[in-house]
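Dock chain B against the given chain A, drawing on the hints supplied.
Those protein sequence lines, which keep their order, are chains A and B. In terms of numbering that gives the first Met the number 0, the first sequence opens at residue 0 and continues consecutively. In terms of numbering that gives the first Met the number 0, the second sequence opens at residue 0 and continues consecutively.
Careful, some of the hints might be misleading.
[Said to hold, decoys possible] Dumping the calculated DMTMM-like pairs for lysine to aspartate or glutamate here, alpha-carbon to alpha-carbon at most 20 Å:
(1) B:Lys328 with B:Glu391
(2) B:Lys185 with B:Glu209
(3) B:Lys185 with B:Asp216
(4) B:Lys328 with B:Asp241
(5) A:Lys34 with B:Asp124
(6) B:Lys186 with B:Glu139
(7) B:Lys186 with B:Asp207
(8) B:Lys328 with B:Glu209
(9) A:Lys34 with B:Asp143
(10) A:Lys34 with B:Glu129
(11) B:Lys186 with B:Glu174
(12) A:Lys34 with B:Asp104
[Stated by the list, open to error] A partial selection of chain B residues facing chain A, derived with a Cβ cut-off under 8 Å:
(13) Phe13
(14) Val91
(15) Ser92
(16) Gly93
(17) Leu95
(18) Gly100
(19) Asp104
(20) Leu105
(21) Ala112
(22) Thr113
(23) Ile116
(24) Leu117
(25) Gly119
(26) Thr121
[Stated by the list, open to error] For the chain B half of the interface with chain A, some residues (derived, Cβ under 10 Å), not all of them:
(27) Arg24
(28) Arg72
(29) Leu77
(30) Gly78
(31) Arg79
(32) Asn110
(33) Asn118
(34) Met120
(35) Ile169
Since the hints were made in silico from the structure, they are not lab data. Idealized CB from N, CA, C, for every residue including glycine.
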Amino acid sequence: MGLIVSKQELNLTSEEYAFLMSMSHYFNLVWHLVKRDFYLRHTGSALGVLWSLLVPVAQLGVLSFTFSSVIRVETADYPAFIYSALLPWTWFSSSLSSAGNLFFTHRDLLRRPAFPPSVLVIVNTLSHLIPFLLSLPLLYGLMGWYGRFVMWNPVTLLCLVLIQGFLIIGLSFVIATWNVFYRDIAPLVGTVLSLLFFLTPIFYRPMVEGEYRLLLELNPMVTLINSYRAVLFEGTYPEWQPLILIGGISILVCGLGYFIYKRQVSDVVDAI
Amino acid sequence: MPIAVNVENVSKRFRVQRNSPMTLRGYVQQLLNRKLDRVSNFWALRDVSFTVDNGRVLGIIGHNGAGKSTLLRLLCGLGRPTSGRIFNDGQVSGILELGGGFHSDLTGRQNIATIGILNGMTKSDWRAREQKIIAFAEMEEFIDQPVRTYSSGMYVRLAFAAATEFDPAILILDEVLAVGDQRFQKKCLDRIATFRQAGKTMIVTSHDAEQIQSLCDEVLVLEEGRAMMHGDPKSALSCYYDLMRQRTDKRIAQLSGGTAVAALIANQGNRQGTQEATISAVHIYDMDGRATNTVRSGEGLVVELEIRLMSPVRDAACTVGIFSNAQGKCFESGIPSVQAIFGSFSAHQTIRCEMKHLPLCAGCYFINIGLYPTDWAYRYDFHCEMYSLHIESHDRTTGTYTTGIVAVDARWNLKTHD
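Bound conformation, chain A alone (with noise of 0.2 Å):
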């Protein structure tokens, strides 16, 4: 992935010239160490790359499964409806739960001199990406089982990614930095997020109104999902006001969570 430049051809200054030598080296740095992660997510095992596929498959069809032959909710392409809001949930929710022992799993990067810990955060996050881009084409061939042909709406969904990214990033410094000190925190954010995949409209569709309604959204994924729902499987534009204002805070987090990971962040490689 080797971007070659020439300071001449380009006519830039040396800082220029460096300064871009040095984001075409984070650059490679992050995508080598993407690869790396991924890999390392899936060797070993026998269906590999399949498996982060399959999970949300399984938890489609168990769910499917309860809430149209059990439960009996009366959703139009049930399952469909399930899985555009399941992708994200999934990216969320496995980005977070492999911060906690985010440290202390890549010990060997922390230890190499001039390594800066923060890009393994962002590392995490995009490789949990992968998966949920993989399962894209899924989505919409099952989209088109049931006969549903949507708008395809590419802008949108770039920037509920970036939303998304931004959100995860910052939550993943705090649970990153925090879990090397206090082990409890990987736990807890295990089971906050499945108590949260219960709260956020996945397999549902929100009708509340009122106090209650003020208080499910004060959880960050709820507008998110509701947004990537409209782009995917509705083919609408989402509620852009709400979204806007999570975008703001998402990028809040961000800042804050890269805060409290800088100012501990050298206590972190020592206690190592």
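Chain B only, in chain A's frame:
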């Protein structure tokens, strides 16, 4: 000469907490019991300053826990000094510890790729160097196996090859050269030599004092986090040995409740040690079992040590060496752990050291005998120049002579060409 590394008044504090809470519950419990104030500070480094010029090799020696590894980690940019500053002029690469630096589930080749990318290389760059690294490490067979299956020797070979091939300006090696077989060590030393010629800077630590002396241009002695001395290898090493002596004295004072004990009596030479383990008697025999301190050059010698242990001492390291006034150390033989070699070590026993042939030149020598804790931190009992040994020459009437330490049976011949 431009300065490659500049360390200015660097101190590093670790907060050591007894019963440190690893969990939130433990933290809250301690908070409720008001036990949190038991955090004690441990200063791993105190006000260390030094500079290394470009192209020099600095050795760092010090006893276990003196702060060597902490210093090297800071030089690598891992963690921040509590106070003080460190400047590096150029890219730092290094091997800090065995087991770190490589991911055990990845193959050697994949780990090389990661290191290459971390050193700012593009794919084509590290691809080009990959083969050289594998060849230098002699890892052709195993390079595609996961690193967890490697032996420690293979591990070090690969780590060393990768660290040096990626061309850092400053190379940091922590106790690396002690591992690996002799032949590979030689190879490493050769590469280090070319490194030096290229004007690169190196910082190494080693437990092997002689290796430090031969490898380094200058040596820094660390003791309890302080830089005691920074100078040429020879004077730094004598400072290091002197510190060991001081530590022993300090421990004697501790053991006897603050008052220094009277010096141990010796007929000649001197004796130093905490006496937690004592060499109570030393017998010297020739190979026929006669008690003597005179043997002929090339004949054998037996040194028998009677050792008494005070509890709780369970194990010790033991050395027997022969020294000459003129030449210094002729040789020394040692056991790093008596228990590991003989299985048991009871309160009172005798150790025999049998030297079948002593190929020493005729002259006067001393036998030095030492008993140390297994981490070599101080001395239990050290008999310095207390036992003389006389070596007599063979009365061979060949008209040749030999000087030096080793008596080599040199035969001279003359062949006349017609």
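How the hints compare with the structure:
| no. | hint | verdict |
| --- | --- | --- |
| 1 | B:Lys328 with B:Glu391 | holds, 19 Å |
| 2 | B:Lys185 with B:Glu209 | holds, 14 Å |
| 3 | B:Lys185 with B:Asp216 | holds, 18 Å |
| 4 | B:Lys328 with B:Asp241 | holds, 17 Å |
| 5 | A:Lys34 with B:Asp124 | holds, 18 Å |
| 6 | B:Lys186 with B:Glu139 | holds, 17 Å |
| 7 | B:Lys186 with B:Asp207 | holds, 17 Å |
| 8 | B:Lys328 with B:Glu209 | holds, 12 Å |
| 9 | A:Lys34 with B:Asp143 | holds, 17 Å |
| 10 | A:Lys34 with B:Glu129 | holds, 19 Å |
| 11 | B:Lys186 with B:Glu174 | holds, 16 Å |
| 12 | A:Lys34 with B:Asp104 | holds, 14 Å |
| 13 | Phe13 | holds, 7 Å |
| 14 | Val91 | holds, 4 Å |
| 15 | Ser92 | holds, 6 Å |
| 16 | Gly93 | holds, 6 Å |
| 17 | Leu95 | holds, 6 Å |
| 18 | Gly100 | holds, 5 Å |
| 19 | Asp104 | holds, 6 Å |
| 20 | Leu105 | holds, 7 Å |
| 21 | Ala112 | holds, 7 Å |
| 22 | Thr113 | holds, 6 Å |
| 23 | Ile116 | holds, 5 Å |
| 24 | Leu117 | holds, 5 Å |
| 25 | Gly119 | holds, 5 Å |
| 26 | Thr121 | holds, 3 Å |
| 27 | Arg24 | holds, 7 Å |
| 28 | Arg72 | holds, 8 Å |
| 29 | Leu77 | holds, 5 Å |
| 30 | Gly78 | holds, 5 Å |
| 31 | Arg79 | holds, 4 Å |
| 32 | Asn110 | holds, 8 Å |
| 33 | Asn118 | holds, 9 Å |
| 34 | Met120 | holds, 8 Å |
| 35 | Ile169 | holds, 9 Å |
In terms of the numbered hints stated before, the structure departs from none.
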